[in-house]
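Participant: What follows is each chain in one-letter form.
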Amino acid sequence: MWIYWWRIWRLTHYIFRGVVIDIDEFPQIKSVGRISYRRRKEGDGSWLNRASSNKHQVFYGAIPTPDFGDSKVAAVLEIDNIRNDDFPEDEYEYIAMGMWFVKKAFFVASVGMHSEIAARNAWARNLVKRDQELCSISENAEFIKEVMHFLGSEFGKEVPSTEDHLYKISAAYGDSLFDLGIGGIMFPSVQMAAKTFNIAIHSEVVDNQCIDIAAAAVMRGSKIKNDIIWGWYMQCPRVFNDELKWEETPAGSRISQNDLERFRKIIESGGRLNQNTTFIS
Amino acid sequence: MKDIDKFIPIEEGKRALEFLRKVDLANVNFVAIKKYTDVLAKCGFTGGEFGA
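Order-wise, the sequence lines are chains X and V.
In case it helps, the working numbering puts the first sequence at residues 1 to 281.
In case it helps, the working numbering puts the second sequence at residues 1001 to 1052.
Incorrect hints may have been included.
What the hints assert, rightly or not - Sample of chain V residues facing chain X (criterion: CB under 7 angstroms; computed from the structure): (1) 1002; (2) 1019; (3) 1025; (4) 1032; (5) 1037; (6) 1040; (7) 1046.
These are computed hints drawn from the structure, not numbers from a lab.
Cβ coordinates follow ideal geometry from the N, Cα and C atoms, glycine included.
Using the sequences and the hints given, assemble the complete structure.
Facilitator: Set out below in structure tokens:
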């Protein structure tokens, strides 16, 4: 086995990870473990994610790229349900968001950069260029390129929520890398059309405190027709000893009923919010 | 043969890629697929240091 290694990710220190929460359970969310990777439970069945099965416990998060710096948006779009047609307009969706940072560097495999969607991202194009440098030092360059393109199509394909079996190859490949002891896997976000990247981090990397949480917040999403509006709901600006102490967010960052009524009037009168998904920050 | 090529199980890798390209994902089980992705992973990959 060979690994072609470079060091270019010094600027990407923050990782956003969101977890959909039931607001009734919110008072029990008092420790970082509740918003970190999902721990294995007795009686767990098997399931597939983009870059792993549940053979390994994996922390999924979103990281910014120079093309799109606000990776909390990506973290929301990776997991939200509110955009589903059957999500009722009169309900809120709540997502607990952790902002994590890297304390100790760890090795991350780069996968899926050779895909059509990734080609739109300048950073992915740069990584592809480096992969081509690698190919130039091998007599098997064509084979290596074929593998990279094949994995690009697997990691870059749209997978409907009812067709998890389409993850089999990318999830199995992710497991294969984790079996080799790789700490993380970075790949383009399909939900974000590759404007941001996702990262799958092995639980041992998290438990060894290579990453730590800096702050957390709960976001509340509202739906008006096809528009989604997200605002902050609660926040935990500092985390000590893995304890989450929640406090109210500043009034200007919350979406009040008055705000929603105002947005509804705009939308119902044929006006548009700036984007289909609006984030109040 | 260049140094890097000594570490690539090229023939096994080509067979694995061929299998994975044609596999019926709805009907072939995950364990069978992983045997082939293990081979691809051993053919090498690129990466970097995150957060250095």
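Participant: Decide, hint by hint, whether the structure agrees.
Facilitator: Here is what the structure says about each hint:
The restraint placing residue 1002 of chain V at the interface with chain X holds, with a minimum CB-CB distance near 6 angstroms, inside the 7 angstroms limit. Because the closest C-beta pair between residue 1019 of chain V and chain X is about 10 angstroms apart, greater than 7 angstroms, the hint is violated. Satisfaction of the interface hint for residue 1025 of chain V is found here, the shortest Cβ-Cβ separation to chain X being roughly 5 angstroms, below the 7 angstroms cut-off. For residue 1032 of chain V, the shortest C-beta to C-beta distance to chain X is roughly 9 angstroms, which exceeds 7 angstroms, and the interface hint is violated.
Contact between residue 1037 of chain V and chain X, as hinted, is supported at the beta carbon level, the nearest pair being about 4 angstroms apart and thus within 7 angstroms. Look at residue 1040 of chain V: its Cβ gets to within about 6 angstroms of chain X, closer than 7 angstroms, so that hint holds up. Hint on residue 1046 of chain V holds. Least Cβ distance to chain X is approximately 4 angstroms, under the 7 angstroms limit.
Going down the numbered hints, you'll see the structure goes against 2, 4, while the others check out.
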